[in-house]
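Chemist: The listed protein sequences correspond, in order, to chains B and D.
Note that the first sequence covers residues 0 to 414 in numbering that gives the first Met the number 0.
Note that the second sequence covers residues 0 to 346 in numbering that gives the first Met the number 0.
A few of these clues could be false.
[Claimed, not checked] Calculated pairs, DSS-like style, for lysine-lysine (alpha carbon to alpha carbon, straight line, at most 25 Å):
no., chain 1, residue 1, chain 2, residue 2
1, D, K99, B, K27
2, B, K276, D, K259
3, D, K311, B, K275
[Said to hold, decoys possible] Far from chain D, some chain B residues (derived; all Cβ distances over 10 Å):
no., residue
4, Y46
5, Q200
6, T201
7, A208
8, E234
These are calculated hints, taken from the structure and not from any lab test.
For every residue, glycine included, the Cβ atom is placed at its ideal position computed from N, Cα and C.
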Amino acid sequence: MEVLKIATAGSVDDGKSTLIGRLLYDTKSLTDDKLEAIEKTSKQKGYDYLDFSLVTDGLVAEREQGITIDVAHIYFSTPNKSYIIADTPGHVEYTRNMVTGASTSQAAIILIDARKGVIEQTNRHFFINNLLRIKDVIVAVNKMDLVDFSEARYQEIKSDFEELMGKRDYQDQKITFIPVSALKGDNVVNRSENMTWYKGQTLLEHFEALDKEDVYNVGTPRFPVQYVIRPKTEEFHDFRGFAGKVYGGELSVGDEVVVLPSMTKSRIKEIYFYDKKYQTATRRSSVTITLEDEVNVSRGDMLVKVGDLPTVNKEFTATISWMDSQNLNLGNKYVLQHGVNKVLAKVENIHHKIEPDYSGVDESVNSLAMNDIALVTFRLNKPIFYDTFKEHRTNGSFILIDNQTNNTAGVGFIE
Amino acid sequence: MRIAYIKNKLLTIDESFVFRVKYQTNNSILSTIESEIDTVLSVEHSEVLGALRNNDLENEAIYIFREVAAQFERPVLLFSGGKDSITLVRLAQKAFFPAKIPFPLLHIDTGHNFPETIAFRDKLVKELGVELIVRNVQDSIDQGKVVEESGKYASRNTLQTTTLLDAIEEFKFDACIGGARRDEEKARAKERVFSVRDDFGQWDEKNQRPEVFDMLNGQIELGQNVRVFPISNWTELDVWSYIQKENIEIPSIYFAHKRKIFLRDGFIWSAEDDVVFRAEDEVVEERMVRFRTVGDMSCTAAVLSEADTIEKVVGEIRESKISERGARIDDKRSEAAMEKRKQQGYF
Ligand SMILES: Nc1nc2c(ncn2[C@@H]2O[C@H](COP(=O)(O)OP(=O)(O)OP(=O)(O)O)[C@@H](O)[C@H]2O)c(=O)[nH]1
Ligand SMILES: [Mg+2]
Numbered sequence: 000m001e002v003l004k005i006a007t008a009g010s011v012d013d014g015k016s017t018l019i020g021r022l023l024y025d026t027k028s029l030t031d032d033k034l035e036a037i038e039k040t041s042k043q044k045g046y047d048y049l050d051f052s053l054v055t056d057g058l059v060a061e062r063e064q065g066i067t068i069d070v071a072h073i074y075f076s077t078p079n080k081s082y083i084i085a086d087t088p089g090h091v092e093y094t095r096n097m098v099t100g101a102s103t104s105q106a107a108i109i110l111i112d113a114r115k116g117v118i119e120q121t122n123r124h125f126f127i128n129n130l131l132r133i134k135d136v137i138v139a140v141n142k143m144d145l146v147d148f149s150e151a152r153y154q155e156i157k158s159d160f161e162e163l164m165g166k167r168d169y170q171d172q173k174i175t176f177i178p179v180s181a182l183k184g185d186n187v188v189n190r191s192e193n194m195t196w197y198k199g200q201t202l203l204e205h206f207e208a209l210d211k212e213d214v215y216n217v218g219t220p221r222f223p224v225q226y227v228i229r230p231k232t233e234e235f236h237d238f239r240g241f242a243g244k245v246y247g248g249e250l251s252v253g254d255e256v257v258v259l260p261s262m263t264k265s266r267i268k269e270i271y272f273y274d275k276k277y278q279t280a281t282r283r284s285s286v287t288i289t290l291e292d293e294v295n296v297s298r299g300d301m302l303v304k305v306g307d308l309p310t311v312n313k314e315f316t317a318t319i320s321w322m323d324s325q326n327l328n329l330g331n332k333y334v335l336q337h338g339v340n341k342v343l344a345k346v347e348n349i350h351h352k353i354e355p356d357y358s359g360v361d362e363s364v365n366s367l368a369m370n371d372i373a374l375v376t377f378r379l380n381k382p383i384f385y386d387t388f389k390e391h392r393t394n395g396s397f398i399l400i401d402n403q404t405n406n407t408a409g410v411g412f413i414e
Numbered sequence: 000m001r002i003a004y005i006k007n008k009l010l011t012i013d014e015s016f017v018f019r020v021k022y023q024t025n026n027s028i029l030s031t032i033e034s035e036i037d038t039v040l041s042v043e044h045s046e047v048l049g050a051l052r053n054n055d056l057e058n059e060a061i062y063i064f065r066e067v068a069a070q071f072e073r074p075v076l077l078f079s080g081g082k083d084s085i086t087l088v089r090l091a092q093k094a095f096f097p098a099k100i101p102f103p104l105l106h107i108d109t110g111h112n113f114p115e116t117i118a119f120r121d122k123l124v125k126e127l128g129v130e131l132i133v134r135n136v137q138d139s140i141d142q143g144k145v146v147e148e149s150g151k152y153a154s155r156n157t158l159q160t161t162t163l164l165d166a167i168e169e170f171k172f173d174a175c176i177g178g179a180r181r182d183e184e185k186a187r188a189k190e191r192v193f194s195v196r197d198d199f200g201q202w203d204e205k206n207q208r209p210e211v212f213d214m215l216n217g218q219i220e221l222g223q224n225v226r227v228f229p230i231s232n233w234t235e236l237d238v239w240s241y242i243q244k245e246n247i248e249i250p251s252i253y254f255a256h257k258r259k260i261f262l263r264d265g266f267i268w269s270a271e272d273d274v275v276f277r278a279e280d281e282v283v284e285e286r287m288v289r290f291r292t293v294g295d296m297s298c299t300a301a302v303l304s305e306a307d308t309i310e311k312v313v314g315e316i317r318e319s320k321i322s323e324r325g326a327r328i329d330d331k332r333s334e335a336a337m338e339k340r341k342q343q344g345y346f
C-alpha cells in the first residue's frame with residue numbers, strides 16, 4: 000500500500016491539530032472509544048463543539064495548555080492510500096520540531112488563520128518547507144467560518160501569499176490554495192456548502208490524486224553500507240553481503256560500481272531481499288548486495304555506479320538549522336553524521352544568519368542559537384561522499400551531534 | 000555446436016559442471032547434462048525475480064534493525080509473544096538473512112500469560128536458533144521489590160517495569176527493541192524511533208532528540224539505554240495485513256474460538272484462567288471470542304468474533320469501530336495513564 004507522509008505548519012492556534020482531527024473524523028478513522036473520550040473531555044471543558052485537537056495533543060502538558068509541544072504522528076487510510084500526518088507545533092520556539100516533521104514528509108499543509116492572514120510565522124513556515132524542498136504544498140486558509148466564508152478575504156490572502164512565492168529558492172514547488180474550516184469540516188474531506196464559489200479540490204481529494212512517485216525527489220543511486228552480513232554457516236560459508244537502503248535511483252545485478260572511499264571497482268553479483276534474489280533493487284528498498292570481487296567494504300562506505308560519483312571532500316558549506324539549547328560557535332567541534340557515516344567536523348566559518356521570514360541575512364554573527372538558520376562552512380577530519388541537497392535529499396543532508404550531551408544539535412543541507 | 004552452447008551456459012552456472020563437460024563429455028551423458036542445465040536454468044529463473052516491489056514500512060523497519068545492530072553493543076529484542084513482537088522477529092530475520100538475528104530475545108514474564116503464547120514462544124525461538132532470556136515478575140514480587148496489586152482491576156502490567164529495568168541492568172543492554180506503534184495511543188504518537196532513557200530508565204518526553212530524514216542518532220552515555228521502535232509507523236491494520244501477506248504463524252488465541260467468559264464494565268473477560276479476578280455474582284457463559292492483543296491476561300479483554308482465519312481477522316480489523324487499546328483496561332484508568340507509565344520506564 001502507498002504511504003504518503005504529510006507535515007503541517009501554521010502559527011499557534013491556526014488549527015493544525017483541529018484539522019487533523021477533522022480529517023480523521025470525516026474519513027471515519029476515529030474509533031468509537033476514541034470519539035467517546037473526545038466527547039467526554041470536550042463536555043468537561045464546557046465546549047459546545049468537539050475539540051478535535053484532543054486527538055493529537057497526547058501529552059498532559061499539551062492538553063493543559065491547549066497547545067502542541069512536540070510532533071505527533073497520526074495515521075489514517077482510505078481504500079486508496081495510507082497517510083501519516085505529522086502534527087507540528089506552531090509556536091516560534093518549536094521551529095526545530097517543524098523542521099523535524101517536514102524532513103520526512105513528501106507533502107505539507109501550511110495553515111493560515113483567515114482573520115489574521117499572512118503573518119511573519121507564515122513566511123517562516125513557507126521558508127522551511129521550501130528549504131526542505133517539499134514538493135507539494137497546500138496553503139489551507141482556515142477558519143473561513145469566522146470571516147463569513149468570504150471569497151474576497153480568501154483572494155486577498157492568496158495574493159499576499161503569492162507575493163512570497165516570488166522570493167522562494169526552490170521554484171518548482173507545487174502550491175495549491177484551499178479555503179477550509181477545520182472546525183466545521185468545510186473542504187477538508189467534504190465539499191463546502193458555504194463556499195460554492197470555490198471550485199477546486201478538497202484537501203483529501205488533493206492528496207488522493209497525488210501520484211506518490213511524483214512527490215519523491217529522484218536523483219542518482221546511492222547505497223550507503225549500514226552493516227556487513229557474514230553468516231559463517233556451512234551453507235553460506237563465504238557470504239559477505241552489504242546491507243543498506245538504496246536511495247535516489249535503482250541498482251541492478253551486473254551494474255559496475257565503485258566503492259567509496261577506497262575507489263575500488265567491482266560489479267553487483269546478487270541482490271537479496273530476505274531469502275529471495277532480485278534483478279533490480281528499486282528506490283528506498285532495504286536490500287543486501289554481494290559483489291563479484293573480494294573487496295574491503297565496511298559500515299559508512301558507499302556503493303555508487305561507475306561514472307556517477309558524488310563529491311568527495313573534507314570541506315563544504317551547508318545551510319544549517321540549529322536545534323540545541325547550547326549555541327553553535329565558530330571553532331566548535333561536532334560529530335557529523337552523514338547518512339550512516341560519522342566524521343568529526345569543525346565550524347570553520349559562519350557566513351551569515353538567514354532570517355527565515357525573508358527579511359534578509361545578518362552577516363555579523365559568529366554564534367547560532369536554537370532555531371537559527373545559517374550558512375556555515377565545515378572542515379572534516381575525513382572526507383565524506385556527498386551530493387548537494389538540491390541534487391539528492393538523502394545524500395545532501397546530515398546531522399550534527401554534540402559529543403558532550405550526545406544530543407542531535409542541528410541538521411544541515413549541503414550547498 | 001551443441002557442446003559449445005552447453006559449455007557456455009554451464010560456464011555461467013557452476014565450475015564443477017564445466018570440469019565435467021570438458022573432460023568427461025561423450026554423447027551418452029550429453030542428454031543428462033542438458034536436462035541438468037534445464038533444471039538449473041529454470042531454478043535460477045524462478046529464483047532471480049525481477050524488480051523488487053516496495054513496501055515502505057517494511058523497508059523502514061529493516062533499516063532500523065540494521066542501525067541497531069551497527070550502533071549498539073548489546074541490543075535485545077523484547078518479545079512478549081504477541082503479534083507485534085512476532086512481526087518484529089520476522090522483520091529482524093529479513094534484515095540479517097542469511098545470518099541469524101544477531102541479538103537475543105528477552106521475555107518479561109508476568110506469569111499471567113495465555114498458555115498458548117508460551118508454547119508458541121518456545122517453538123519460535125527453537126526455529127530461529129537465537130538465545131531467549133526470561134525474567135519473571137514473580138521473582139520481583141518474591142524479592143519484595145514490587146507489591147502485587149489486589150482487587151478487581153489487579154494486574155501485573157505496571158509491575159513489569161521493575162523486572163524489565165532490572166534485566167536491562169543485569170545484562171547491560173544498551174538498546175531494547177520493542178513493538179510499540181504510534182497509532183496505539185496518543186502518548187505513543189509522540190515517541191521517537193530511537194528513544195533515549197536515562198540511567199533510571201525514565202522517558203523525558205519534553206526533551207526528545209529531533210529525528211530528521213532517515214538518520215538515527217544512537218549515541219548515549221554509559222548507563223543509558225535506547226528504546227527502539229522499528230514498527231512505529233505501522234497501524235494495527237498494517238500489522239495484520241503483513242501477517243497475512245507473509246503467512247506468519249501466530250498464537251491461536253488471536254483467532255475466534257469458544258471460550259467461557261463473563262462480562263464486566265462492558266468488557267469480555269476470560270473465565271478459564273485463574274488470574275482473571277471474577278466476583279461470585281459475575282455470570283459465566285460460553286461465546287465465540289478472540290483476542291486483539293495478548294498482554295497480561297488479567298487486563299486483556301476479548302472481543303466477540305467469528306473470525307477464525309487470518310483473512311477474516313484482517314477483514315474484521317478493517318471494519319472495526321473500537322481501537323485495539325480499547326480492550327486494555329489499564330489505559331482506561333486515566334487519560335494520561337500511558338504517559339505516566341512511560342515516564343517511569345514502562346515499554
Ligand atoms: N471557528 C473556528 N475555529 C477553529 C477552526 N479551526 C480551529 N479552530 C479553533 O482554534 C483553536 C486552536 O486550534 P488548534 O487545532 O489547537 O490549533 P493548532 O494550530 O494545533 O495550535 P498549536 O498546535 O498550539 O500550534 C481551537 O480552539 C479550535 O477549536 C475553524 O476552522 N473555525
Ligand atoms: Mg496543535
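Chemist: Any hints this thing doesn't respect? Which numbers, in order?
Modeler: Numbers 1, 2, 3, 8 - these are the hints that the structure violates, sorted from lowest upward.
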